[in-house]
Amino acid sequence: MTTTRRTFIGTTTAAAGALSLGLHRGLLAAERPVEQAAKSLNILILGGTTYLGPYQIKYALERGHKISIFNRGKTVPTLYPELFDQVEKLKGDRENDLESLKGREWDAVIDNSATNPEWVHDTAQLLKDNVGHYLYTSSTGAFYPYLTHNIDESVEVVLEHDPEAGGAGTYGVNKSLSEVEVREAFPGRDIIIRPHYIIGPGDPSDRLTYWVARIDAGGETLMPGDPNTQVQLIDVRDLTEWMIRMVEGETTGTFIATGPASRLSTAELANGIRSIVSNEISFTWVERDFLIANGLQYMVPWIPPVDDLLGMNTINPGKAIAHGLTYRPLAVTAKDNLDWWKVQPEERRERMGELPNEKEIEVLAAWHAREK
Amino acid sequence: MKTTRRDFLYTTAAAGGALSLGAFSDAAAEDRHIPKASEPLDLLILGGSAFTGPFQIKYALERGHKVTIFNRGRTQPTMHPEVFDQIEKLVGDRDNDLEALKGRTWDAVIDNSATRPRWVRQSTDILKGNCDTYLFTSSLSVHADFSKIGITEDDAVATIDDPTTEEITGETYGALKALSEDVVREAFPDGAIILRPHLIVGPGDPTDRWTYWPVRVDRGGEVMAPGTPNDLTQYIDTRDLAEFGVTLVENRSLGTYSGVGPLAPLNMGGMLYGIRAVVINEVSFTWVPADFLAEHEVAPWAHMPAWIPPEGEFAGFGAFDNSRSVAAGLKYRPLADTAKATIDWWKAQPEERTAEPRAGLAPEREAEVLAAWHARAEESQ
Numbered sequence: 015m016t017t018t019r020r021t022f023i024g025t026t027t028a029a030a031g032a033l034s035l036g037l038h039r040g041l042l043a044a045e046r047p048v049e050q051a052a053k054s055l056n057i058l059i060l061g062g063t064t065y066l067g068p069y070q071i072k073y074a075l076e077r078g079h080k081i082s083i084f085n086r087g088k089t090v091p092t093l094y095p096e097l098f099d100q101v102e103k104l105k106g107d108r109e110n111d112l113e114s115l116k117g118r119e120w121d122a123v124i125d126n127s128a129t130n131p132e133w134v135h136d137t138a139q140l141l142k143d144n145v146g147h148y149l150y151t152s153s154t155g156a157f158y159p160y161l162t163h164n165i166d167e168s169v170e171v172v173l174e175h176d177p178e179a180g181g182a183g184t185y186g187v188n189k190s191l192s193e194v195e196v197r198e199a200f201p202g203r204d205i206i207i208r209p210h211y212i213i214g215p216g217d218p219s220d221r222l223t224y225w226v227a228r229i230d231a232g233g234e235t236l237m238p239g240d241p242n243t244q245v246q247l248i249d250v251r252d253l254t255e256w257m258i259r260m261v262e263g264e265t266t267g268t269f270i271a272t273g274p275a276s277r278l279s280t281a282e283l284a285n286g287i288r289s290i291v292s293n294e295i296s297f298t299w300v301e302r303d304f305l306i307a308n309g310l311q312y313m314v315p316w317i318p319p320v321d322d323l324l325g326m327n328t329i330n331p332g333k334a335i336a337h338g339l340t341y342r343p344l345a346v347t348a349k350d351n352l353d354w355w356k357v358q359p360e361e362r363r364e365r366m367g368e369l370p371n372e373k374e375i376e377v378l379a380a381w382h383a384r385e386k
Numbered sequence: 004m005k006t007t008r009r010d011f012l013y014t015t016a017a018a019g020g021a022l023s024l025g026a027f028s029d030a031a032a033e034d035r036h037i038p039k040a041s042e043p044l045d046l047l048i049l050g051g052s053a054f055t056g057p058f059q060i061k062y063a064l065e066r067g068h069k070v071t072i073f074n075r076g077r078t079q080p081t082m083h084p085e086v087f088d089q090i091e092k093l094v095g096d097r098d099n100d101l102e103a104l105k106g107r108t109w110d111a112v113i114d115n116s117a118t119r120p121r122w123v124r125q126s127t128d129i130l131k132g133n134c135d136t137y138l139f140t141s142s143l144s145v146h147a148d149f150s151k152i153g154i155t156e157d158d159a160v161a162t163i164d165d166p167t168t169e170e171i172t173g174e175t176y177g178a179l180k181a182l183s184e185d186v187v188r189e190a191f192p193d194g195a196i197i198l199r200p201h202l203i204v205g206p207g208d209p210t211d212r213w214t215y216w217p218v219r220v221d222r223g224g225e226v227m228a229p230g231t232p233n234d235l236t237q238y239i240d241t242r243d244l245a246e247f248g249v250t251l252v253e254n255r256s257l258g259t260y261s262g263v264g265p266l267a268p269l270n271m272g273g274m275l276y277g278i279r280a281v282v283i284n285e286v287s288f289t290w291v292p293a294d295f296l297a298e299h300e301v302a303p304w305a306h307m308p309a310w311i312p313p314e315g316e317f318a319g320f321g322a323f324d325n326s327r328s329v330a331a332g333l334k335y336r337p338l339a340d341t342a343k344a345t346i347d348w349w350k351a352q353p354e355e356r357t358a359e360p361r362a363g364l365a366p367e368r369e370a371e372v373l374a375a376w377h378a379r380a381e382e383s384q
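Residue numbers (the numbering used here), protein chains in the order written: chain A, 15 to 386; chain B, 4 to 384.
Calculated directly from the structure, the hints in this document are not laboratory data. Where a beta carbon is used, it is the ideal one built from N, C-alpha and C, also for glycine.
Distance condition first, Cα-Cα at most 30 Å in a straight line; then the derived DSSO-like pairs of lysine-lysine:
#1 A:105 / A:88
#2 B:334 / A:356
#3 B:39 / A:356
#4 B:92 / B:39
#5 A:386 / B:151
#6 A:142 / A:80
#7 B:69 / B:39
Here are some of the chain B residues that sit facing chain A, going by a computed Cβ distance under 10 Å:
#8 268
#9 278
#10 286
#11 288
#12 340
#13 342
Generate the whole structure from the sequences, applying the supplied hints.
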């Protein structure tokens with residue numbers, strides 16, 4: 015009996031954790047039933063195995079589409095691995111091996127995997143006569159520097175590299191130049207999606223994951239800057255499902271993809287995440303200048319709205335909403351993100367380390383010392 | 004005792020007894036794994052069909068207990084009506100008709116339905132030799148002084164000039180609950196459990212008080228939020244309260260408990276932003292200071308439920324100490340669960356139930372006060 019009991023506890027850490035939260039998937043994660051698309055499409059996904067791809071594949075299959083994926087075959091999918099038996103897998107390399115794409119036809123291609131304009135040039139030119147629509151996953155990073163609030167699709171982007179601009183500038187220009195390649199090869203058949211921070215279960219970069227794991231850990235929690243500062247983000251599932259609906263439709267053009275629909279403050283984000291747990295927790299809001307002086311420049315999705323990042327989190331998603339972008343409630347995103355995090359293997363979780371981390375403890379101590 | 008004593012937890016009999024039509028199945032409760040209690044008990048619940056009762060019954064059955072309820076048989080249960088087929092139903096009246104309880108024994112009785120000491124005395128007189136444990140559902144309204152931060156179970160209770168009064172009003176409710184507690188303690192010197200809930204909220208709430216907030220936030224648009232985001236608030240989910248009562252009885256954790264949550268201090272900002280997290284719509288919050296609300300006759304609690312300006316007479320109303328209850332096993336559902344279950348329940352109610360909510364601020368009044376607030380803010384610029 016003892017062994018059985020231990021086994022039970024050992025293998026159901028995640029389930030036990032979920033139970034103690036008292037949240038029930040049936041209640042909160044009220045997933046809408048997915049309807050079949052009016053017409054079944056053949057869709058090619060460039061990339062497809064890491065983060066956006068598995069969700070695109072899942073939703074596209076549910077909508078009745080057929081999927082081919084093209085990649086190096088090196089990434090073993092961890093999200094919905096079972097779905098990959100139902101897709102055609104084409105091997106190659108964006109850098110120098112597009113052979114397997116030649117002589118094939120698709121209704122649409124979704125390009126998730128390029129930040130290099132030359133890669134986009136090569137695939138777009140190769141596919142332009144055999145593929146209906148080209149959906150390119152760009153980024154709101156194309157708008158860097160974010161010098162105004164309420165940036166929308168009419169704001170011009172920088173198309174020339176500036177050696178002084180740094181990483182954000184290089185990334186943004188590469189995304190913008192990649193967009194140009196798509197528009198040139200697929201005039202009137204281009205769908206350019208510019209997502210903001212893509213967060214949710216499976217996020218390889220631990221952005222919202224840090225917040226949900228931190229708030230779940232409880233205790234005195236450092237909160238950055240002014241509680242009223244706006245933040246923006248988009249659930250990976252809201253983004254990818256909308257992308258599939260976009261390639262099903264006739265609408266083309268350029269779209270910002272961020273959320274939520276109405277302004278979300280840092281306090282609303284933090285307390286929204288808090289709403290999915292029940293624990294001993296308090297938030298200590300530490301002023302921006304103090305954080306910066308102590309080496310905390312930002313805590314994504316919180317970005318101090320100053321200088322070249324002024325309007326980074328006040329971007330206008332109105333056009334995408336008008337074209338069918340929908341959102342899950344924050345509590346669903348946060349809960350699913352946390353549940354996913356809790357079942358990650360130890361080696362994956364080690365990347366984040368113990369929470370609260372030493373930096374947070376140190377900054378909070380310094381903040382309290384200053385208050386005295 | 005001040006004659007102007009206002010009572011925020013007391014609910015009028017009209018609201019309390021009003022029926023909500025339309026059954027609602029609480030989806031959240033369905034997929035939880037609840038282990039059986041080590042020792043099954045025979046439980047008697049006085050009341051049992053209104054707000055918290057059905058959740059107590061459901062949980063008690065899941066824990067493997069046998070349940071008998073005693074009431075007038077007039078209230079048609081709408082929450083978990085299915086559990087009422089699995090229990091014994093005794094019909095009588097707290098007021099002078101307790102025949103059905105005579106000559107019966109139970110391990111424990113849970114008394115949900117008494118507001119008058121005389122009613123409690125009638126039932127304890129009959130049950131004191133026949134039950135080991137008597138849990139009395141009292142109220143945090145018993146306290147004499149709500150100005151203290153961190154009120155505990157040991158703080159003083161209110162008194163009343165005429166302890167024989169049977170008129171339940173905002174002035175008498177708390178003191179009569181306190182006197183009722185004493186009746187139970189005297190009758191069950193080795194078996195009394197007094198559970199004092201704060202504002203009881205969640206699916207099935209007949210009063211529409213806390214319900215106002217999830218329903219209002221779900222409707223979206225500009226939401227008038229009272230006071231400041233930092234004003235503390237408290238409440239207790241009816242399901243958490245129900246389960247805690249059963250836990251206390253199972254463990255025979257005798258004594259007095261404040262039934263209040265959430266676990267850690269929560270302010271109005273935390274509550275409203277947490278509620279926002281379960282909906283998806285266009286919504287924003289405009290925080291209007293307490294004095295402006297007062298000028299415009301927006302009442303704390305009645306119009307702005309779960310909120311009282313955290314100063315003066317009621318400074319501690321959002322800051323009761325919950326540590327004794329937590330140590331005794333009170334568990335809290337997350338706010339998102341409470342909010343979502345409340346919205347789902349509300350939306351499942353028929354039109355005639357939701358057309359005129361019994362608490363909160365009417366949309367026109369809210370719009371009016373918001374307009375006045377914006378006009379004033381513009382003037383001062």
